[in-house]
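Asks: For the protein sequence lines, the chains are B and V, in the order given.
67 is the number that the numbering used here gives to position 67 of the first sequence; each next residue is one higher, with no gaps.
80 is the number that the numbering used here gives to position 80 of the second sequence; each next residue is one higher, with no gaps.
Heads up, some of the hints might be wrong.
Copies of the same chain look alike in the list, so a pair counts if it fits in one copy or across any two.
Stated by the list, open to error - 25 Å max Cα-Cα, derived SDA-like pairs, lysine to any residue:
id	residue 1	residue 2
1	Lys34	Asp18
2	Lys34	Arg119
3	Lys34	Arg104
4	Lys107	Ile23
5	Lys49	Glu9
6	Lys107	Asp18
7	Lys107	Thr52
8	Lys107	Arg119
9	Lys34	Ser60
10	Lys107	Asp42
11	Lys34	Tyr68
12	Lys34	Pro64
13	Lys34	Leu122
14	Lys34	His118
15	Lys34	Val120
16	Lys138	Met1
17	Lys17	Ala40
18	Lys107	Val66
19	Lys138	Asn51
20	Lys138	Ala63
21	Lys49	Glu100
22	Lys49	Ile23
23	Lys34	Ser108
24	Lys34	Pro137
25	Lys34	Glu69
26	Lys34	Glu131
27	Lys49	Ala63
28	Lys34	Phe61
29	Lys34	Lys107
30	Lys49	Ala3
Derived by calculation from the structure, the hints in this document are not laboratory data.
Just so it is clear, the structure is predicted and the values come from calculations on it, not from any experiment.
What follows is the residue order along each chain.
Protein chains: 2
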Amino acid sequence: MSARDVFHEAVKQALIKDGWRNIEPMTLRYDLTKLEIDLAADRFFAAQKANTQIAVEVKSFGAPSVVYEFHQAIGQYVNYRMVLRRVQPERIPYLSLSVEVYERAFKSDFFRDSLEEHRVNLILVDALSQEIVTWMPKPE
Amino acid sequence: MSARDVFHEAVKQALIKDGWRNIEPMTLRYDLTKLEIDLAADRFFAAQKANTQIAVEVKSFGAPSVVYEFHQAIGQYVNYRMVLRRVQPERIPYLSLSVEVYERAFKSDFFRDSLEEHRVNLILVDALSQEIVTWMPKPE
Chain B
1 MSARDVFHEA VKQALIKDGW RNIEPMTLRY DLTKLEIDLA ADRFFAAQKA
51 NTQIAVEVKS FGAPSVVYEF HQAIGQYVNY RMVLRRVQPE RIPYLSLSVE
101 VYERAFKSDF FRDSLEEHRV NLILVDALSQ EIVTWMPKPE
Chain V
1 MSARDVFHEA VKQALIKDGW RNIEPMTLRY DLTKLEIDLA ADRFFAAQKA
51 NTQIAVEVKS FGAPSVVYEF HQAIGQYVNY RMVLRRVQPE RIPYLSLSVE
101 VYERAFKSDF FRDSLEEHRV NLILVDALSQ EIVTWMPKPE
């Protein structure tokens, strides 16, 4: 498996362990355009007595240029968010990356400031233990 | 020259014909990150008695997936806009593409709605005549 696929599988397993179900790739249609999002998932939260739905774009940041892949991730995220708002407004968009990439490669203010400015929801995953480390923010 | 370079040259020539000067690639530094923007340019507008500065990201949309390249373009644009606002707030960001791509490949509402939602300034260029067809909006 490629590094991308290995991390993709880690995110899937981490979501399963966290109680999420129906984890599958997702296709959105918007006018003439078809958009493929890495993972859809849903989970029942007893406190809210409601089903929560998320759409997760997974980024391994294995490309030679972290900055280049980051531009791509931000573009996909804001475009998916726009489309979700119009076709599935109840589904919350997330970007998932490994906590190791976030701590090692995203040291520059550029990344943190862009994630904040563009209001990107994050799921940080430990790629080795295949567990979710942090939700920003929690999807309950 | 690659299709990308041919179109890049067309945008440069179109800007020269339109009275822009000092047309050069541009490097922005933001904390630890270096960002390369395709073209910076400036022009004196007599009516305003002022020098107007722009930063132009050029996209040929020659990749196999227009949607993929579009995500990349949107991500670069919003990131460059954020950085410009903080380090060169007087410089106006633009995305440049050929009028032919805009009319042929961007027929789906997805593209037009995303450009509007993300408030992207556009320069549409005729790649053959190397002339600017439309500014949206004009940078005066």
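Asks: With identical chains, the pair Lys49 and Glu9 could be close in the same copy or across copies; at 25 Å between alpha carbons, which is it: within, between, both, or neither?
Replies: So Lys49 and Glu9 fail the 25 Å test inside a copy (29 Å) and across (59 Å) alike.
Asks: At most 25 Å between CA atoms: does that hold for Lys107 and Asp42 within a copy, between copies, both, or neither?
Replies: neither (32 Å within a copy, 33 Å between copies)
Asks: Measure nothing new, just compare the shortest in-copy and cross-copy C-alpha distances for Lys34 and Lys107 to 25 Å and report within, between, both or neither.
Replies: Intra 34 Å, inter 13 Å, cutoff 25 Å: inter-copy only.
Asks: If the cut is 25 Å between Cα atoms, do Lys34 and Pro137 qualify within a copy, between copies, both or neither?
Replies: Answer is neither: 28 Å inside a copy and 29 Å across each miss the 25 Å cutoff.
Asks: From the Cα coordinates, with 25 Å as the cut-off, is the pair Lys107 and Ile23 best called within, between, both, or neither?
Replies: The answer is neither: 31 Å in one copy and 32 Å across copies each exceed 25 Å.
Asks: Between copies, within a copy, both or neither: which fits Lys17 and Ala40 at Cα up to 25 Å?
Replies: within (15 Å within a copy, 49 Å between copies)
Asks: Cα distance capped at 25 Å. Does Lys49 pair with Ala3 within a copy, between copies, both, or neither?
Replies: Neither: 38 Å inside a chain and 55 Å across chains, both beyond 25 Å.
Asks: For Lys34 vs Ser108, is the C-alpha pair at or below 25 Å within one copy, between two copies, both, or neither?
Replies: between (34 Å within a copy, 10 Å between copies)
Asks: Please sort Lys34 with Asp18 into within, between, both or neither, judging by C-alpha distance up to 25 Å.
Replies: Neither, since 29 Å and 37 Å both go past 25 Å.
Asks: If the cut is 25 Å between Cα atoms, do Lys34 and Glu69 qualify within a copy, between copies, both or neither?
Replies: both (21 Å within a copy, 14 Å between copies)
Asks: Up to 25 Å between alpha-carbons, please classify Lys34 paired with His118: within, between, both or neither.
Replies: Cα proximity of Lys34 and His118: in one copy and across copies (23 Å, 19 Å).
Asks: Have a look at Lys34 and Phe61 and pick one of within, between, both or neither, based on CA distance no larger than 25 Å.
Replies: Classified as both: same-chain Cα gap 24 Å, cross-chain 17 Å, threshold 25 Å.
The earlier numbered hints that this structure contradicts are 1, 4, 5, 6, 7, 10, 16, 20, 21, 24, 26, 27 and 30.
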